[in-house]
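Peer 1: In order, the protein sequence lines correspond to chains P and C. Counting from 1, one number per residue, gives the positions in the first sequence under UniProt numbering. Counting from 1, one number per residue, gives the positions in the second sequence under UniProt numbering.
Errors might be hidden in some of the hints.
The list makes no distinction among identical chains, and a pair is therefore deemed to hold if it is satisfied within one copy or across any two copies.
Within a straight-line C-alpha distance of at most 20 Å, the following computed SDA-like cross-link-like pairs (lysine to any residue) qualify [claimed, not checked]:
{"#": "1", "residue 1": "K23", "residue 2": "V165"}
{"#": "2", "residue 1": "K172", "residue 2": "A158"}
{"#": "3", "residue 1": "K23", "residue 2": "G333"}
{"#": "4", "residue 1": "K23", "residue 2": "S38"}
{"#": "5", "residue 1": "K334", "residue 2": "D59"}
{"#": "6", "residue 1": "K102", "residue 2": "S38"}
{"#": "7", "residue 1": "K337", "residue 2": "P298"}
{"#": "8", "residue 1": "K172", "residue 2": "V139"}
{"#": "9", "residue 1": "K23", "residue 2": "D39"}
{"#": "10", "residue 1": "K23", "residue 2": "G236"}
{"#": "11", "residue 1": "K337", "residue 2": "G19"}
{"#": "12", "residue 1": "K341", "residue 2": "G80"}
{"#": "13", "residue 1": "K233", "residue 2": "F132"}
{"#": "14", "residue 1": "K341", "residue 2": "G19"}
No lab work stands behind these hints, which were simulated from the structure alone.
2 protein chains.
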Amino acid sequence: MVGGGQLARMTHEAGIPLGIRFKLLSDTPQDSAAQVVSDVVVGDYRDLDTLREFARGCDVITFDHEHVPTEHLRALEADGIPVRPGPDALVHAQDKGVMRAKLMEIGVPCPRHRIVRDPADVAAFAAEGDGFPVVLKTVRGGYDGKGVWVVDSAEEAAEPFRAGVPVLAEEKVDFVRELAANVVRSPHGQAVAYPVVESRQVNGVCDTVIAPAPGLDEELALRAEEMALGIAKELGVVGHLAVELFQTRDGRVLVNELAMRPHNSGHWSMDGAITSQFANHVRAVLDLPLGDPRPRAPWTVMVNVLGGDYPDMYSAYLHCMARDPQLKIHMYGKDVKPGRKVGHVNTYGADLDDVLERARHAAGYLRGTITE
Amino acid sequence: MVGGGQLARMTHEAGIPLGIRFKLLSDTPQDSAAQVVSDVVVGDYRDLDTLREFARGCDVITFDHEHVPTEHLRALEADGIPVRPGPDALVHAQDKGVMRAKLMEIGVPCPRHRIVRDPADVAAFAAEGDGFPVVLKTVRGGYDGKGVWVVDSAEEAAEPFRAGVPVLAEEKVDFVRELAANVVRSPHGQAVAYPVVESRQVNGVCDTVIAPAPGLDEELALRAEEMALGIAKELGVVGHLAVELFQTRDGRVLVNELAMRPHNSGHWSMDGAITSQFANHVRAVLDLPLGDPRPRAPWTVMVNVLGGDYPDMYSAYLHCMARDPQLKIHMYGKDVKPGRKVGHVNTYGADLDDVLERARHAAGYLRGTITE
Chain P
1 MVGGGQLARM THEAGIPLGI RFKLLSDTPQ DSAAQVVSDV VVGDYRDLDT
51 LREFARGCDV ITFDHEHVPT EHLRALEADG IPVRPGPDAL VHAQDKGVMR
101 AKLMEIGVPC PRHRIVRDPA DVAAFAAEGD GFPVVLKTVR GGYDGKGVWV
151 VDSAEEAAEP FRAGVPVLAE EKVDFVRELA ANVVRSPHGQ AVAYPVVESR
201 QVNGVCDTVI APAPGLDEEL ALRAEEMALG IAKELGVVGH LAVELFQTRD
251 GRVLVNELAM RPHNSGHWSM DGAITSQFAN HVRAVLDLPL GDPRPRAPWT
301 VMVNVLGGDY PDMYSAYLHC MARDPQLKIH MYGKDVKPGR KVGHVNTYGA
351 DLDDVLERAR HAAGYLRGTI TE
Chain C
1 MVGGGQLARM THEAGIPLGI RFKLLSDTPQ DSAAQVVSDV VVGDYRDLDT
51 LREFARGCDV ITFDHEHVPT EHLRALEADG IPVRPGPDAL VHAQDKGVMR
101 AKLMEIGVPC PRHRIVRDPA DVAAFAAEGD GFPVVLKTVR GGYDGKGVWV
151 VDSAEEAAEP FRAGVPVLAE EKVDFVRELA ANVVRSPHGQ AVAYPVVESR
201 QVNGVCDTVI APAPGLDEEL ALRAEEMALG IAKELGVVGH LAVELFQTRD
251 GRVLVNELAM RPHNSGHWSM DGAITSQFAN HVRAVLDLPL GDPRPRAPWT
301 VMVNVLGGDY PDMYSAYLHC MARDPQLKIH MYGKDVKPGR KVGHVNTYGA
351 DLDDVLERAR HAAGYLRGTI TE
């Protein structure tokens, strides 16, 4: 796996019972996954020679992030190393312009959008629809709210163009909530769909995920699952695909983003599903039969643990375990910095209010925003 | 953790979400746990200098097996390294003579037993009770049926004395089945009890575990749990304690063996309990609050996967995953040798017959004794 973040850490954890020999390419020996994996190569994934050397002896290559240059992936494939998801699929998670064009081509509903040249073109885009605000995104390199701007005028639209990366303009969707449809697909086309979840963001960062999405119309849930399965098939995705969705006031779902790797909106599955997203990602990437994605409890809630003002979470960690012996804590081994994702908690049960309260309390206590 | 077997492998797996930095002392770099742990020291646990060097920088030492010499553990403690379970507790899992003496002292029911000097003394022991057969055990070094003999006469009793290790004679208990009571205790005395399970042995090796033990009288289950909690407390155990029990025809439970580490009879908890034995062992050893040991499903069944005649299990592995998407496979990364424990499978659900059939089928198919 290329990339030593928490997704690689949790993928390794899921691979242990499957008997998988996991090899990691990590930026540093201190990265989240590098702390727990036996076979670690420290190197730069942007360097093709490093990638080639790393890939030697691997049966298959997969990723913790979308940042490996597409041409490097093609070079690995040319060397005979299976790359899953492959570059032709992965480009849709790397480049938002390519993603939008493809989704339109295969008839998947998206927000109104087009590539814009400059601030004046942003104003023109606004005038073509309902006016400002307009959402601007660099087509490459953004995540967790980075590389995304919401602008109210052409004057505010200068910033996104400074990086010299093409900029995509999108209508600001009037949504009731955000959903995510997570699916996993294997090389020979077996696919499974997790229940559609509700994803709540705070300042552009995922905060809470509720599985399944409360009160979601059954027909709409089915449509979202079918849409995600269809995207996975049409784009030739292998492994986990997260389709982030807007649920609009008029009862439609529009695709916001795609991610082709285990995803924050699927972390609930570690304790809440029969087979976690990480286990199914490993199974798909190795072309093993997929596991059952169904939930084990009526409700599962995931809340991210962000770093707060106190670098030492130890006493909070003790408190949370003692307060709730059913709490599932997942720490990433990262230094605490304000706002940084350093872990998540899962809770599950039959009473959604209770399950939500327990997860929120634990995450807030760990961050230091709740002191009882 | 000292020892690189599958128990260390699964303990590391359970420690990852807890944010634990796991350091391993392994006999070889190929050992089951050494394949998946970042921080591995290869060395001999019987060598005190190796142990001391390994322990440097550890917050606490625990074990994958009972074979570290008691005097070495005392030396580590004298160096200021917490050893959990400590040597005063662990000796009861290392030496069956010490264990029996202590259990009698604290009033725990055991089979009739005493240390015997030679075959003639075995005959005398038999005559003191109901005669032959008699069970003979070397007080140290046995496991999985090794170091245990069932003899029908004094003539058959020569073998156990050849090793020069003291020999314990025990009555052959007329039991209806074997049970196991698993508990976990932390340094400041918090303790949790898993439901009592039924353990079925084949040729002295654990084959099947059913959680909870089917049809077990509630009062007897409670008595077994209390007995295990009492032993953990009286012996000062820290971490996981497995109490292997005989359920007799006349409705008593007698202690067969003790193990002070995660135990085969607790593997079901990885998929069947809110908190697995491995997670709770880590929590106890680090003096963290313990997690809820209750089951997540009405029935969970574990069946060990033993090596069969075919060294390559890959096609069987694919078959089992495809046949049962709810199956939980746990492979240990070991070379397949006939009769060797190379993994286990867990199944769970509401229908015990179905849960048993699925686990047995998978384990039998992986071993090659079932070919559909």
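Peer 1: Within a copy, between copies, both or neither: where do K172 and V139 come within 20 Å Cα-Cα?
Peer 2: This pair counts as within: shortest intra-copy Cα distance 17 Å, inter-copy 75 Å.
Peer 1: I want to check one pair: K337 and G19. Are their C-alpha atoms no more than 20 Å apart within a copy, between two copies, both, or neither?
Peer 2: between (34 Å within a copy, 16 Å between copies)
Peer 1: Go through the copies and call it for K23 and S38: within, between, both or neither, with a Cα cutoff of 20 Å.
Peer 2: Answer is both: 8 Å inside a copy and 11 Å across each meet the 20 Å cutoff.
Peer 1: Quick one: K23 to V165, C-alpha cut-off 20 Å, is that within a copy, between copies, both, or neither?
Peer 2: neither (33 Å within a copy, 45 Å between copies)
Peer 1: For K337 and P298, with the copy left unspecified, which applies at a CA distance of at most 20 Å: within, between, both, or neither?
Peer 2: Classified as neither; 34 Å inside a copy, 42 Å across copies.
Peer 1: How would you classify K23 and D39 at a CA-CA limit of 20 Å: within, between, both, or neither?
Peer 2: The answer is both: 5 Å in one copy and 15 Å across copies each meet 20 Å.
Peer 1: At 20 Å max between alpha carbons, let me know whether K23 reaches G333 within a copy, between copies, both or neither.
Peer 2: both (19 Å within a copy, 15 Å between copies)
Peer 1: Go through the copies and call it for K172 and A158: within, between, both or neither, with a Cα cutoff of 20 Å.
Peer 2: within (18 Å within a copy, 86 Å between copies)
Peer 1: Treating 20 Å as the Cα threshold, decide for K334 and D59: within, between, both or neither.
Peer 2: between (29 Å within a copy, 19 Å between copies)
Peer 1: For K341 vs G19, is the C-alpha pair at or below 20 Å within one copy, between two copies, both, or neither?
Peer 2: Classified as between; 14 Å across copies, 29 Å inside a copy.
Peer 1: Are the CA atoms of K341 and G80 at most 20 Å apart within a copy, between copies, both, or neither?
Peer 2: neither (36 Å within a copy, 35 Å between copies)
Peer 1: Pop the pair K102 and S38 into one bin, within, between, both or neither, using alpha-carbon distances up to 20 Å.
Peer 2: Neither. Shortest intra-copy (39 Å) and inter-copy (41 Å) distances fail the 20 Å Cα cut-off.
In summary, the numbered hints that this structure violates are 1, 6, 7, 10, 12, 13.
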